Amino acid sequence: MSLVNIFDNQGSIKREQNLEQLVQKIKQYYNEEEQEIVITKIVELVLRSRTLCRQYQGQPLSGIYQEIYDLVYALLVEKVTQKLQKINCNYAITYEWLAQLQLQVFRKVLDDNRLKQLALNAQKQPPNSSLRSYALTELVKAIKLSNRLCRPYRKLFSSQFYPLIYEEAVVQTMTYICTNIDRYDPQRGKEKFMSWVNFKLDKAVLMCRRQFDLSANYELFSLPDFEIISDRPKPLTKADLLYQYIEQDPKGVLQSTYITGNSQANFRAIALKRLSGKTWKEIAEELNSKIPVLSSFYQRSCKKFQSLLQQELDSQ
Amino acid sequence: MVKVTVTPNLFQVPLTLSNRVCAEDFANQQSNRQKMQQVYQNTLAVSAVNTYLQYLGWMTSLENSDSWNPLMQALLDTADLEIPGYGKLECRVVLSSEQIFMIPEEVTSERIAYLAVSIDSSQKFAQLLGFVTRVSSSTIPISHLQSMIELPEYLEQVKLKSVLPKLSNWLLGVVEAGWNTIDSLLTIQPELVFRIAPSQLCFRTGTPPISSMSEKSATKVLDTGVSRVKLWDLGKRENCSKIALVISLLPSETEELEISVKICPTNNHTYLPEGLVIKILDETQQAILQAQTKTTNENIEFFLSGKTGEYFSIQAILNDEMKMESFMI
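Chains A and B are the protein sequences, given in the same order.
Each residue of the first sequence is one higher than the one before, counting from 1 in the working numbering.
Each residue of the second sequence is one higher than the one before, counting from 1 in the working numbering.
No wet-lab data here; the hints were simulated from the structure.
Just so we're clear, the structure is a prediction, and the values are computed from it rather than from any experiment.
Note that the Cβ used here is the ideal one computed from N, Cα and C, for glycine as well.
Mixed in with the good hints, there may be bad ones.
Some chain A residues close to chain B (C-beta under 10 Å, calculated; not the full set) [unchecked claim]:
| id | residue |
| --- | --- |
| 1 | Tyr73 |
| 2 | Pro127 |
| 3 | Ser133 |
| 4 | Met174 |
| 5 | Leu313 |
So here's chain A without its partners, still in its complex pose:
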């Protein structure tokens, strides 16, 4: 599972139809020059489905993004031309073939040095800026596209469990990379960018292994079904203890905190109703008050009593 699908499917049907028309056209042209024009059109069409080297807020590409785009473009033109030169291969040019070709070409272009440049470009942008967000999104997509992420310790896990652990580790690694891009030092890791990434990924897999060894009692492959779980008798939950405490209100502070002029609408009463699942509409009717007044009083009071309630719960 990746954050971003490698190629988007939106609009691909339309592009497929356009492509078919273009391929038909090629058959009609015998002139090399005219053929070239059609080929560039085909390549441009396919590149519209790229997920990498997208424009930032509609601005033209520049720097490393432009470099990658140009290289991919040139390689695609070359490959499509080669394919067409083989007799009767027109039929073999399908949208699917082109999408595959695009993937291969991107992989070839995204070598370690270009990934490094993408990382350094992200580093250059100010933290918490939309420019940095753009650069990191491009970087993450490029790492995935490049197929250069390692897959360590496969033998330590069952074939069913490994994908879960690996996915977890990849997400942890990517979030680390993105929130710590400023720590990336291009001099280290034999000057290879992916050494930095894969070193983290390697560690993350081992960490996840420890994490889930400890919690082995979880149903790792099934989704929780609360209908079943809650039918089992079980010890009092935190929420139960909270309910009890608020109900008893031994210090009396919860009851004595109320909306001015309406002692009925006190924190204890509202909280108990909320905890029992009553809607704001019901509560407003019962306490003879308005929803916005009640809910904002309740929000403030929850904040106010958070420390007190936490202490009481922790001491039980």
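With chain A held as given, fit chain B onto it using these hints.
The following block gives chain B in isolation, referenced to the frame of chain A:
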């Protein structure tokens, strides 16, 4: 102007095993099915947005989010995610069959945006559908959402400062949850012993320098003035180091507030962990003060001063762990 259409796939976020385990853990602390389901969904929605924001390079703070606190989960139907220094995002699950998304009445304060999250039935990924920045009713049609692609730019502009801990209010007795008096912290956690020894490393900034007092007398006043403490965990499990962050305030003759930020070891440790880096950052996240511990540093203290409305952040880095909290003066 041509509007670029963005494919929804662009904002598909994986939900991992630990996201699901965590959601189940939280859900199991609730007392009825409806609430369990609610907490489960809220946790997944927050997890998805958290991953997404981190992929975009934004620091988030789950531990300062009500959605990550079992007590607040029970009291409120909350799916908030705090971005330190900015405010909270409310991450609401939208059922795939519905064309609207609902915002509970009790989560309308302090939010800088409301995000609509759709969770796949496999619970293996979530799609972020878009966001709104203001709500006038508790239901919002999906068609009214702004595209996710606009979120970073929006956040960049927001910088909502009003939700940060407000230090000038501390002097009036209004202190945010999580900031305890030193005495009360010792009562809650008697096993926790920490020393507030005289500082070896002292740094100061701001004009004017801390009144006309000598450092020694300033420290004395600070110890008796408004002083609050919070514990920070740096690292995981066995490698975890707990440090105490003590903030003390001193109203001065001028309009500036004088602030002491002191970092102390806990649990009977005499020294702070070696290699701990503490930074004080200004509004633009630039470090204005910085210190790194060696083997035998008992504590670090920073003095700074500022006017009401200005703000700063404290950042602690130990090995690969980073913690940060922002404050408004």
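Going down the list of hints, with the structure as the test:
1. Tyr73: Check failed: Cβ of A:Tyr73 comes no nearer than 20 Å to chain B, outside 10 Å.
2. Pro127: holds (6 Å)
3. Ser133: holds (4 Å)
4. Met174: holds (6 Å)
5. Leu313: Holds: closest Cβ of chain B sits about 6 Å from A:Leu313, inside 10 Å.
In this structure, the one hint that does not hold is number 1.
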